[in-house]
Amino acid sequence: MKNKIPRPNFKFSPVFNFILLLLILLIVKQTSAQQNELKNIQDQAFELIFKNQNKAIVLIDSLIKKHENNKTYVQGINLSHKGVYYAVQNQLDSAAVYFNKAIELTPKKHKFYPNLLNNLSIVYKKKGDFSKAIETLNEALIIANSQNNKDAKAKIYSELSSSYRGLNKYNLAIKYSLNSIDVIKSKDSIEAYPLNVEKQKLANLYRALDNNTFANQLYKEILPYFEKSFYTDAKISTYINYAASLINVNELSKAEVLLLKSKKELDNFYNEELFAFYKLTYAMYYKKIGDFDKAENCFEIALSSFKNHLDNYPKTLNEYLYFLKEQKKFNKIINFSNLNQGLDSMQVGFQDLVDYNGVMGLAYENAGNYKKSIFHFKNKIRYSDSLNQLNNFAIAKDLQAKYQIEIIQQKNISLQKNIQSETRKNIAIIAFSLFLGVVLLSFILRYRIKLINETKLKEVYAKKIDAEKKLITLKDALLEEQKKELLSKSLEASSLSKKLKLIKSKIDKTSLNEKLSDVEEYLTPQNELRKLNYEFQRAYPNFESQLLRTFPDLSKNDILFLSFIKLNFSFKEIAAILNITHQSVITKKYRISKKIQLTKDVDIYEFINNEIN
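Counting along the sequence shown from 1, when you hit position 174 you're at 174 in full-length UniProt numbering, and nothing is skipped either side.
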């Protein structure tokens, strides 16, 4: 029988166990401290990108060198920061390389991953590849949603807004900008920086859609924050964008002050894209004050700087060409077009293409090159039809109005709360006075409080009424703007039709007869009439049904005619829209008056506006 080898029986004393546990806790604490220290250094490096770029790159490179064997998301963050550095320096290819390296090291489930895709999309956007940018952002959004990552979602919505703005899809641009703001506000603690950045983007959208008044309110609201923050690029962009909006409303002295502030910042923080915006805004300023030579010089510098930023190049080019058109420098427009890339071959929005082809058509017409003139005018009509079918301007303005109305309603709620608060305070004071039992003092206090209360209530109600008036004014202004757009579109179509016919008469009919036949299909007014009817039904949804209930004999054409009366178009304007003579309009008016049983002493405008809603 073999002897059993006894197993060692290790028994540790309580003192040993305590020391072992203490060592483990010290190691964990040290590791956690090291991780926190690394995160603080990485955050510092990121902040330096926007304050001191020379110090930033030294610190970022030292972090990359130190962690070169760490093939994890930790090194991915360092590489991403270097990508951001190159993006700010406008070295977009280098930025893309480092963003892709960071993506390779970061697992998809990590919360930093969707931010990396967001950064990469910005490079695509700046290169003018909006489709690739949107595709990358949609991929990032799916991942952020699966993580319930609100920080990433807010940034992704913000960049989707910027990309769709580049394609002139303002309805989607405003939608995603508002989505970003909603996500930021839904967080447990609202961060000031992303919220103010998004408000600036929203203000830029309002300015792009000519709502400069509300844009200026937003710029004024966010400016104090950025002036105190270390984000120099955001401060400069706020100065420039606010100045551009002030120029649009002719507040030139205020705009000049902001431009001088932006120049001072750019002297210490050079950024090619911001410098181009600065020159473009100064071009608009000089144009307003009539210094056209300086304006032209600033336009050309801005265009040259924007060649590396294809997301901003199209709008700047159109501003420059429109300026040359106003100066009647048509040969310079043509020469510039021959030496530089046009917009027809670029990934841009329909509105940019409409503006570009309109100016080019006019330039070639004045130069006597009717073939190219017709080519560009046909393109303008084609892109205009595509743009109008989208209806994205109308939807964008509805979203704008919704946001503005929401703000006004919030003010009304705040005012109502003030009323309730004042009432509660007054009741408390009265109760306290009664409790003291000082009848005389109570009487005096109640009388005095009543006077104060009445005064405050009057002030609060006055503010509430003023806010409601602003809401009504806003709705009326939006409706009036829609009416102007309807007439403008029809008159533009009529004008363009006459222009094409005039050009047609100047060209040798035998040599270009076949090409000119293609133009005829664009001269029909039917598309414009359908668009007019669509816009009217949006403004007055019950108009047609009320008319038919009261006057069932009215035809579709009769109702269309009465809709123009409802919009207060003159007979002359109706004739232009319907492309008929003024006398035909008068005849039509008498015929419809009989159908609706109007006597001669009743004005058809008064009847329609007062009786039919």
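Worth double-checking, as some hints may not be accurate.
[As the list claims (entries may be wrong)] Below 20 angstroms or equal to it, Euclidean Cα-Cα: the simulated PhoX-like pairs (lysine-lysine) are:
id	residue 1	residue 2
1	Lys254	Lys220
2	Lys220	Lys51
3	Lys600	Lys588
4	Lys588	Lys572
5	Lys66	Lys55
6	Lys595	Lys556
7	Lys175	Lys150
8	Lys101	Lys111
9	Lys600	Lys589
10	Lys65	Lys39
11	Lys288	Lys254
12	Lys325	Lys294
13	Lys220	Lys150
14	Lys264	Lys228
15	Lys264	Lys51
16	Lys187	Lys199
17	Lys111	Lys51
18	Lys111	Lys71
19	Lys71	Lys51
20	Lys111	Lys66
Everything labelled a hint here was simulated from the structure, so no lab data went into it. Source: prediction; values computed, not measured.
Status of the hints after comparison with the structure:
Restraint check for Lys254 and Lys220: the C-alpha separation of about 12 angstroms stays at or below 20 angstroms, so the hint holds. Pair hint Lys220 plus Lys51 does not hold up; C-alpha atoms about 23 angstroms apart against a cutoff of 20 angstroms. Taken as a hint, the Lys600 and Lys588 pair is honoured in the structure, with Cα atoms around 15 angstroms apart against an allowance of 20 angstroms. Taking the CA atoms of Lys588 and Lys572, the gap is about 13 angstroms. The hint holds against a cut of 20 angstroms.
For the proposed pair Lys66 and Lys55, the alpha carbon gap of about 17 angstroms is at most 20 angstroms, so the pair holds. At most 20 angstroms may separate the alpha-carbon atoms for a hinted pair to count; Lys595 and Lys556 meet this at roughly 13 angstroms. For the hint linking Lys175 to Lys150, the alpha-carbon distance of about 17 angstroms falls within 20 angstroms, and the restraint holds. Simply put, Lys101 and Lys111 have alpha-carbon atoms about 17 angstroms apart, close enough for the 20 angstroms limit, and the pair holds.
This hinted pair checks out: Lys600 and Lys589 have alpha carbons roughly 12 angstroms apart, not beyond 20 angstroms. Of the pairs offered as hints, the one joining Lys65 and Lys39 holds, with about 16 angstroms between alpha carbons and a cut-off of 20 angstroms not exceeded. Taken as a hint, the Lys288 and Lys254 pair is honoured in the structure, with Cα atoms around 14 angstroms apart against an allowance of 20 angstroms. A threshold of 20 angstroms between alpha carbons decides the hint, and for Lys325 with Lys294 the separation of about 16 angstroms falls inside it, so the pair holds.
At roughly 27 angstroms between alpha-carbon atoms, Lys220 and Lys150 are farther apart than 20 angstroms, so this suggested pair is violated. Straight-line distance between C-alpha atoms of Lys264 and Lys228 comes to about 15 angstroms, which keeps the hinted pair within the 20 angstroms bound. Proximity of Lys264 to Lys51 is assessed by CA-CA distance (about 14 angstroms); at most 20 angstroms being required, the pair is judged to hold. As the CA atoms of Lys187 and Lys199 are separated by approximately 17 angstroms, the hinted pair is consistent with the 20 angstroms bound.
Of the supplied pair hints, the one linking Lys111 and Lys51 is violated, its CA atoms being roughly 26 angstroms apart against a limit of 20 angstroms. With a C-alpha separation of about 17 angstroms, the suggested pairing of Lys111 with Lys71 holds against the 20 angstroms cut-off. Using a Cα cut-off of 20 angstroms, the hinted pair Lys71 and Lys51 is violated, with the two alpha carbons roughly 29 angstroms apart. For the hint pairing Lys111 with Lys66, the CA-to-CA distance comes to about 23 angstroms; that exceeds 20 angstroms, so the pair is violated.
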